[in-house]
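Take the given structure of chain E and dock chain F to it, following the hints.
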Amino acid sequence: MKKGKRPAGKILMVLVIAFFYLPILYMIVFSFNESRSLTGFTGFSLRWYERMLESRTMREALYTTFSIALVATFVSTVVGTVSAIGLSKSRKVIRNIMEQVDNLPMMNPEIVTAIGFMLLFITFRVEKGYLTMLLAHIAFCIPYVILSVMPKIRSLDPNLADAAMDLGATPWQAMTKVIIPQITPGIVAGALIAFTMSVDDFIISYFAAGGGVKNLSMVVYTMSKRINPSINAASTLMVVIITIVLILVNVLPKRKASGEIKKRKVFIPAAMAFAAVAVLAVFLRAGSNSGTGPFEGQTLHIYTWGEYTGENIVSDFEEETGAKVILETFDSNEQMYIKVANGESFDILVPSDYMIQRLISEGYLQKLDQAQLSGLDNLAGSVKNLPYDPGNQYSVPYFWGTVGIVYDKTKVDIEDLEREGFNIFLDEKYRGDIYLYDSERDSFMMALKALGYSMNTENMEEIQEAFEWLTQCVRTMDPEIVTDEIIDNMVQGRKALGLIYSGDATYVMSENENMGYYLPETGTNIWSDAMVIPANAENPDLAHVFINFACDYDGAYDNSSFVGYTAANEEVMEVLSGEGGEFEGINAYIPRTDNDMDEVFEYNENTRKVISNLWSRIKIAASNAN
Amino acid sequence: MKRFSQLAIPYIVWTVIMLVLPMALIAFYSITEPGNSIFSFSFTLDHYITFFTDPDFLKILWRSLWIAFKTTVICLLIGYPAAYFISRCGERLQSNLILCITLPMWINMLVRTYAWIGLLAEGGLIHRIAAFLIPGERELLYTEGAVLLGMVYNFLPFMILQINTSLCKMDGALLEAGSDLGANPVQIFARITLPLSLPGVVNGITLVFLPAVSSFFIPKLLGGGQYFLIGNMIENQFITVGEWNFGSAVSMVMAFLMMLLMAVVRKLENKNRGGKEEENL
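So the sequence lines, in the order shown, correspond to chains E and F. Read in the numbering used here, the first sequence has 309 at position 309, and its numbers run on one by one without any break. Read in the numbering used here, the second sequence has 127 at position 127, and its numbers run on one by one without any break.
So here's chain E without its partners, still in its complex pose (with noise of 0.2 Å):
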């Protein structure tokens, strides 16, 4: 019709393309990124390819999210255009049923078709992995080829089968000669959707998947709270992938089509797209270097917080004993404690002091063999022997610290945080300006701390106070609740002042002389997390030595100076805090031991109850709040 009539549409159109794309080329520049801000260029820079490379968790997340979408496409495919075939053929009850049946994972929530995923691999006892994951993209990709290959056996003449096998065909052959041929748009187009919906997917994955097998989705979501920008190196990487895919599907078919038309030529360069993401895969993979050693052969199943291992005492530990380690996180220990009480093996844990207590007393941890335990003596005094585990016997500490207040001195005037301690966060000249942690028990603690209670009480009003105070807290100072976000927005100077804990607030005094730790003087938690081995790890000999691993100096040393929190390693906290030691002058690195208000937090099933379902309110009315 009219053409260039229309400049509404075109600016329109513009802007729509834009939109669409701005994010992915501001993704791509920052990859590029010479710094690690994603708010300013400071120049060009492969570093972050580098450390994608590198990183372990990118390789093979990366290696999982193509190889279960090869996987899932193909048989998704076969087995849709089978079903479809079969389907087309059946009597009409069965076919209508199955088709509402079908747009069950179309038609739900997301959410919802995830969750019904992770409660029947819980339910039937099945181990949450790779092939969880797998079968449940199989599971979501079938309906969709299905869709798209149905409407293509809709138009074909029903007769045409029957009057291929009357000439003599076979089934086999009146299927792949006659009707596979006259289908075949169909079927790639339907291909092509599943490998989509499986490179692309996050909810199911996240809620299907375990034992550490993750996808890239799975990997952005959980580093998402600190700025890196490996991410950014990771995606440019699959935007390059999934456009080479997409023109080899598109655009050379189209060309070949100017001289001789046959549909089956489509599926060469598909399956050549195919093969080369097969190839990618497969490098990625034997990326993965497997050592020689006293292990070799055996993984090690670690489930530990983010951020909290070294940079390199993972590959040291398989370099020297041949083993395959492989690591999981968590962002509480409450999420870890769901994955240990649903039966899912691992073979060390680092769970924090009050939940080892709770652990024990469920029977989910076994006791250490002290005769395999070399690095005890090796750990500071204050950290050993605790009231959750008299006698260690259970669990050897990896770090410990302290919950105090994070502020930057330039903001923040020291004697309100002197003369307020904890209540500065009900202050409303910081109205807006403070950040809360999205823990319940350190919250509660803060609240309890600041009334001049315990925090391990048990007395159902304090709690109730601590719940007001909290409340008022954020219905009046419209505070932001993070996790590690507080983090990297601290040492920008973002606000004024927030709760954390204090390996966090080494790191940002680090990397921003203007911040201060200030721990009140009402008392604070004084926390640790240990090493322990569950009940039903597959390999506690191996959990041993890594345990005597990163014990030992070199390991908390390589763990301390990197993430920056306390080493329970004395010799490795007093050389990081020293003279000339990375945190020299922090005074967050060194948790405090002489205040009598301090307290470790003890597990109590009734309170922990209460708590919980207190904090999920208060978040929720922090939520409606504004």
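A portion of the hints provided could be inaccurate.
Claimed, not checked - In silico contact screen, one side only, chain E against chain F (beta carbon under 10 Å); selected entries:
id	residue
1	94
2	171
3	624
Claimed, not checked - The following label-pair restraints were derived from C-beta to C-beta distances:
id	chain 1	residue 1	chain 2	residue 2	range
4	E	45	F	131	19 to 29 Å
5	E	362	F	41	20 to 30 Å
6	E	418	F	131	31 to 41 Å
It is worth saying that the hints were derived from the structure and are not from the lab. Owing to the predicted nature of the structure, the values given are computational and were not obtained by experimental measurement. We treat Cβ as the ideally placed atom computed from N, Cα and C, and that holds for glycine.
This is chain F only, laid out in the frame that chain E set:
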């Protein structure tokens, strides 16, 4: 042809295990007490009662529906004209534009959403432009606006593509006939184009509204920890709180609500179409 129909049998079995059974399990968990197994359990409706008697939960449900509604309206307002423009372009340009819109959808949703964090954060490109246009300090990231933006960004392509498909299916001769019979462009649009594109609009609304209501990573990435939608609440129940029975009940409520809404939308569309056909007779 009976032999071919047997090909479907393995798939029927698979479907029952992988699609029907999980839904049945959610339903089962939602009406049983915590700590039960499939061998010993007792029924209860407490989870549903808790959900429907708590104003905070209802408020979250309402907010999820409301933001999904806003997303849908914005997608419709931008998507319809865009789709209309595309459908009026020449064939070649049309397929290129469609490719342009499809391409970003091939890139991981989470990755694309993550990219917005850099744009919206203080000092990011959008933040700077906004500060330049309207001076004054404000936060863009971790606000409801950011969540809305993220949703429109993620779901707008679905709307455009659906509407475009139905616009392209339309017989061009109808428009010519309309104008030959003396209708002005507005009349042609209102009486011919719009009604004929309604199936696409309905499909688009479905594809936008449904994922928007249940989305949980967009609010988490762009809305921050204190921004809760119903999807976050479900995630929270399953991943950190561990109250699966209550989480299942919330899931059931959401699934039921969605099916109900979709059924109503489809009914309205059918009625509309039915009415038009009668008129033609």
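Evaluated hints:
Taking 10 Å as the C-beta contact cut-off toward chain F, the hint placing residue 94/E at the interface holds, the least distance being around 7 Å. The beta carbon of residue 171/E is positioned within 10 Å of a beta carbon in chain F (closest approach about 5 Å), and the interface hint is therefore held. The criterion of a C-beta within 10 Å of any C-beta in chain F is met by residue 624/E, whose closest approach is roughly 5 Å, and the hint holds. About 28 Å separates the C-beta atoms of residue 45/E and residue 131/F, a value consistent with the hinted range of 19 to 29 Å.
Checking the proposed 20 to 30 Å range against residue 362/E and residue 41/F shows it holds: the Cβ atoms sit about 22 Å from each other. In this structure the supplied range 31 to 41 Å holds for residue 418/E paired with residue 131/F, their Cβ-Cβ distance being about 35 Å.
Violated hints are absent here; each numbered hint is respected by the structure.
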